Amino acid sequence: MSSELAQMTSLWNFRVSNTLVSGSFPIEYALSTSLPTIDSDLQVGTLSAEIGRFTQLTKLTLNRDLQISGTIPSQLVQLTDLRELFLESWSSSLSGTIPPELVQLTSLVNMAIAYGYYSGTVPPQFGLMTLLTDLNLRDNRGISGTLSSQLSQLTALQSLKVPGDSMSGTVPAQLARLTSLHTMWLDRNGFSGTISPELSKLTSLSWLSLHNNDFSGTIPPELAKLTMLDELELEQNGISGTHPPQLGQIASLRRLNTYSNPVSGTIPWESLAQLTQLYAISFSNTELSGTMSSELAQMTSLWNFRVSNTLVSGSFPIEYALSTSLPTMCAAQLSQALGWSKCLNGESALRAVHSCFEFAL
946 MSSELAQMTS
956 LWNFRVSNTL
966 VSGSFPIEYA
976 LSTSLPTIDS
986 DLQVGTLSAE
996 IGRFTQLTKL
1006 TLNRDLQISG
1016 TIPSQLVQLT
1026 DLRELFLESW
1036 SSSLSGTIPP
1046 ELVQLTSLVN
1056 MAIAYGYYSG
1066 TVPPQFGLMT
1076 LLTDLNLRDN
1086 RGISGTLSSQ
1096 LSQLTALQSL
1106 KVPGDSMSGT
1116 VPAQLARLTS
1126 LHTMWLDRNG
1136 FSGTISPELS
1146 KLTSLSWLSL
1156 HNNDFSGTIP
1166 PELAKLTMLD
1176 ELELEQNGIS
1186 GTHPPQLGQI
1196 ASLRRLNTYS
1206 NPVSGTIPWE
1216 SLAQLTQLYA
1226 ISFSNTELSG
1236 TMSSELAQMT
1246 SLWNFRVSNT
1256 LVSGSFPIEY
1266 ALSTSLPTMC
1276 AAQLSQALGW
1286 SKCLNGESAL
1296 RAVHSCFEFA
1306 L
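Residue numbers for the sequence shown, in the numbering used here: 946 to 1306.
These aren't lab readings, by the way, just hints derived from the structure by calculation.
Bear in mind that the values here come from a model prediction, so they are computed numbers and not experimental data.
Honestly, I wouldn't trust all of these hints.
With beta-carbon atoms standing in for the labels, derived distance ranges [to be verified]: (1) 1042 with 1115: 19 to 25 Å; (2) 1016 with 1145: 37 to 43 Å; (3) 1125 with 1086: 26 to 32 Å; (4) 1046 with 1236: 58 to 64 Å.
Glycine is no exception: its CB is placed at the ideal position from the N, C-alpha and C atoms.
Generate the whole structure from the sequences, applying the supplied hints.
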């Protein structure tokens, strides 16, 4: 980079991301212009305190393969016009705590502080950033503590992502106040307790990801009220009980994962058959029992079906092979798989039969 950039006083948007350009962004530029957007992969070393002198910035993006270290400078709060802040480089080694002073950026709409080595907790003060629509704090392994109920004040929030951190405790029931939320990713943490039926109030939700936590209790039948839900990921927890048949009321559901939980009982075939948009089901590694059902043939969008390592028995319904284009099946323990000669002779689009354990043809 060159200090001559400062002579380009009309420059409004500067992007050099995903290039081999290196060096520091010249501070002379901050003093000579009103650049509102920086999108950079520059190998700048640290995020300098001088960033606070770019007072006209409305968007700051430091992402992709940016190799940057150090901490988030407190001077960042001087960027009072900032609306979008993206600090999410996969190669970053930014560390320290996430400054609660960022709450002073009252114009922020989108904030992503991800893929770093931050420690401490998610500042509860973030609940005062009432213009936020997108909060992404994913994959910061040092972030621990609990999720503050004060985040329920972010009533404009549409996306909340804190997966891959080291958070614990229960998920505050108050988050049900975030009625504009369409994405909630809390997976790969240490959250515990039960899944609150209050989450059913998030009626705009399209993606609920709670997998790889320590949740217990049962699947709340109230989740059936999430009529816009596309993805429901509850796998790898300690959830027990049965699959509530009410899930069949979520007509928009496209993926349902409950594998690796001590869920028992039978598969509610009749209700699941109503989910005509469902393309993926994984019930593997559970205590489900009962038999396969010909009602599976009604699920014509199903693309991936997994019931391996369960107590489900019986034949895989040949009606399904004749009615759909299932390319992948993982169905260990199913005995007497009648009609597989028809499934494998070109009348079906089945491309992979995963034996997983001891699938018997």
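* To do: List in ascending order the numbers of the hints, as given earlier, that are violated by the structure.
  => none
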